[in-house]
Amino acid sequence: DALRAAFDAAVAEDTRIEPRDWMPDAYRATLVRQMAQHAHSEIIGMQPEANWITRAPSLRRKAILMAKVQDEAGHGLYLYSATETLGVGRDELLDKLHAGRQRYSSIFNYPTLTWADVGAIGWLVDGAAITNQVPLCRCSYGPYARAMVRICKEESFHQRQGYELLLALSRGTAAQHAMAQDAVNRWWWPSLMMFGPPDDESAHSAQSMAWKIKRHSNDELRQRFVDICVPQAEVLGLTLPDPDLRWNESRGAHDYGEIDWSEFQEVLRGNGPCNEERINRRRAAHDNGAWVREAATAYAAKHGEAQA
Amino acid sequence: DALRAAFDAAVAEDTRIEPRDWMPDAYRATLVRQMAQHAHSEIIGMQPEANWITRAPSLRRKAILMAKVQDEAGHGLYLYSATETLGVGRDELLDKLHAGRQRYSSIFNYPTLTWADVGAIGWLVDGAAITNQVPLCRCSYGPYARAMVRICKEESFHQRQGYELLLALSRGTAAQHAMAQDAVNRWWWPSLMMFGPPDDESAHSAQSMAWKIKRHSNDELRQRFVDICVPQAEVLGLTLPDPDLRWNESRGAHDYGEIDWSEFQEVLRGNGPCNEERINRRRAAHDNGAWVREAATAYAAKHGEAQA
Amino acid sequence: VRAAAPAALALGDDALVLAQRLGEWAGNAPVLEEDVALTNIALDLLGQARTLLSLVGDEDELAFGREEHEFRNVQLVERPNGDFAETIARQLFFSVHQELLFTALAAGDSALAPLAAKAVKEVAYHRDHAERWTLRLGDGTEESHRRMQDAVDGLWRYTGELFEPLDGLDVDLAGLRAPWLERVTAVLGRATLEVPQGADRTPWAAGAGRQGVHTEAFGRMLAEMQHLHRAHPGASW
Amino acid sequence: VRAAAPAALALGDDALVLAQRLGEWAGNAPVLEEDVALTNIALDLLGQARTLLSLVGDEDELAFGREEHEFRNVQLVERPNGDFAETIARQLFFSVHQELLFTALAAGDSALAPLAAKAVKEVAYHRDHAERWTLRLGDGTEESHRRMQDAVDGLWRYTGELFEPLDGLDVDLAGLRAPWLERVTAVLGRATLEVPQGADRTPWAAGAGRQGVHTEAFGRMLAEMQHLHRAHPGASW
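If you read the protein sequences in the order shown, they are chains A, B, C and D. Everything in the first sequence is counted per the working numbering, starting at 177 for the first residue and increasing by one. Everything in the second sequence is counted per the working numbering, starting at 177 for the first residue and increasing by one. Everything in the third sequence is counted per the working numbering, starting at 3 for the first residue and increasing by one. Everything in the fourth sequence is counted per the working numbering, starting at 3 for the first residue and increasing by one.
Just chain A, with the same shape it has in the complex:
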């Protein structure tokens, strides 16, 4: 019909789909699922880094880390606002998160064990996120694309700060260098898993690419990320923990070792190091805050103020 044709044409011509435009139900559902997962990842992702706010070893680093965690909360706000353009509110999505019915990025189920992990998250995890997200700035759904433009700008700032943190450690004392290397050892493989399963096992990819919600395959993005990281690791003076990593002249790209997908599946199934801690902490914050939200609602009802 005409609506479907207009939608298809808009996608084909790279015109943005906007909230009031007609869109297929499956397109809407896919977007909501992906944006919710992204929003949840931002707010769960505050935890591993906030773990070091109180212990940051210099005031400058403490300020940078606080600003970063604050940005993540802000990203969560943009993204929940973007889902609202599709008629799905934040409260509903949070309930699903707390009930374990919606996911967040598995990477946040790994622990931050040392200060260097803050750097490794910035360099590798934010780096991987950016590699995933930059194409989303051209995503077919307007509000999501615009949110991603702002988010990517801030993420790339975080990524540089993480890199610089690691550089300071790598060039610091022997203990600091070892701390940095240890962090990279622990975060490298989980970061590669952030791009999702190999292309031949990826469930939603083909339809998402047709809809221009997704623009590149998992393996393409993963390769791009590896090729970016290798020279950066050299400058850092840190070793990526993969004996099979080497330049492949013929492909014009780096070969890398096999990823342990069984670990990925375990973390997805809830058996990662911190799955329980993360979701319990989130639920606790929400439950402990219930009386505050109720007070704000009651006050607004009495005084006609928009809720806080």
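These are computed hints drawn from the structure, not numbers from a lab. Treat the hints with care, as some may be off.
[Stated by the list, open to error] Restraint-style ranges between C-beta atoms, simulated for each label pair:
#1 466/A / 265/B: 35 to 41 Å
#2 351/B / 82/D: 29 to 35 Å
#3 419/B / 3/D: 55 to 61 Å
[Stated by the list, open to error] Simulated coverage check for chain D against chain C, where a stretch passes if three residues somewhere in it have a Cβ under 8 Å from a Cβ of chain C:
#4 216–225
#5 229–238
For each residue, glycine too, the CB sits at the ideal point set by N, CA and C.
Use these hints to put chains B, C and D onto chain A, whose structure you have.
Chains B, C and D in isolation, oriented as in the chain A frame:
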């Protein structure tokens, strides 16, 4: 009557009154009040010292401190058992403590701000307690007197350990010495207040002395304590914070400065630095443990086991 | 600058310690907007702290290398976060004070005037934020009213210290108490809360922070804050 | 002794870290008898830790001077106390293991045999204490049953690490798993609790403590434990 006469004779002859003996109601009430206050002081007194268990600066000191705090819990147990010989159970007394209807020693409403406070409490607070308590080993009520024998033995052990802790600090680095001096500065006057108000203002003293529950007046005990501490402070190399403190040849005792009884009254009224923290912490431990005690009772009921 | 150093240290410690406390909320706030707001306030305070401490010496040596008794902050800012109401009450009391103080400082010509002039706008936001929440909690539900009143009552005795004289400050702190009380009273009144009747200080508990006497909770806070820095003496970060 | 050093360090760290956790209970126990009992167990463990660490080096340098990744304790012992049920479940799992291990060690002739022979009696008491409470909580009220089952389930994945091989130990740790499981199963059964069906380890979370990989909570525990010592380098106490 005959019972009264037998009681009076026993007190006069320094024979112990035992639980099944007849005793005046006021004697019983005075004993219960004093023993309960003493028991409460032991368990509240665990808090300021337990505050440093997790932070003790050497394993040896950590072990000594743990053992001391454990002893205090044990003293609480003896003393609540002793009140039970007078028909008043621990649960009832704890309820009164938690409701603010029975007191504990005001000294525990001061904070332990540094590691040296652990030493100052041992030397001064335990020292004052012993000076108060040694005469209680000859108290007219048998179970109380016997509990005090055991308690005094352990307290004097604690007192020596506290002294030795301060000595190590005083002879340590400049920062350690300063820490020790600061602790003594903060604990000296409150320790002197532990003997209670001056004799001419002491409400219960006369009757208690007649009953041989009490054997010396507040001011006598306070003087004894000052005379013990002055030479010990010299050996420690620490100064007692009282410019009026000096040997009085004619009295054969030390003169000391005026005590700020308004502070004492304020702490008694609940306005000390830690009154709220101490009682809130105690209530929280009790409330958080309610389900555990209920479980033990339920299990005992099912299995006929004596309650834990 | 030298003349102002004791004041810069004390005010810097106030800001640092409160920033540290507020930083504990990150990821734990009752609503996402408050994760943003509380962290934002913490960041402002941390910025103030860095400027102030740098007037006195090396900011990191001062923050991470001092013992408890060398800190000069008021005890109010070191009080544990407690529930959200306690955090808001602490923030209200402190921010109203800081806005008055920085406004006065900004009008003077001491070494602290530039910092105060810059910070006064952010502090006005902190105060506004605390006021709004005081209203919502005080005049919200029965539970929130009770919690907010408990928080105000519990922290009241830590407020008097804010007005004790401070070396190196060309502002009459005692003179700020009347306008402070007037503003706090107005907000509490609108929030249907009682102004506490108890003392606003006690000689040993609250009121000694400026002389380096703190509360038991402060030592644990510093242990967490300083441990990593102290574990690597001389390292750069 | 040198051959046994890696094992002495690991077992010493187990005892030290669990003592530190139990020490957090002092003054907070649900009943006064448990203030005594938990502190008593903590003291026994601290004594074991001191003996074991002294076989390796200076006990205080080891306890207060190492970074997190240098500790070799199993992750089980560093888990936060949680509620009383979690503390009891942790203690049951650990004490049953320790009793089996020390019994085996005491029968051998390694450098750890004397410590094990001395400690085995106190460990039997720890195990007995944990068993009694497991029974009371499991077979007490509905609430205590639920809490105890949650605790057992939640800690189960930290138990497998107890049976991983340890350098310098002349005991087949893997061989202790069967008797351990038998005893734990018996106690849980009597307590009307289910033996958890989930994995008793996960490759990255629980099972890496012996290689120096710990959990987020451990860093905060060490910060508190080490701060004062580190704040006064070289001082004697």
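Hints and how they fare:
Against the hinted window of 35 to 41 Å, the Cβ-Cβ separation of residue 466/A and residue 265/B comes to about 39 Å, which satisfies the hint. At about 32 Å, the beta-carbon gap between residue 351/B and residue 82/D stays in the expected band of 29 to 35 Å. For the pair residue 419/B and residue 3/D, the beta carbons lie near 57 Å from each other, so the given range of 55 to 61 Å is met. Three residues within the 8 Å Cβ limit are the bar, and the region 216–225 of chain D against chain C gives 3, so the coverage statement holds.
Under the rule that three or more residues need a Cβ within less than 8 Å of chain C, the assignment of the region 229–238 of chain D holds, with 5 such residues.
Every hint from the earlier list agrees with this structure, and none is contradicted.
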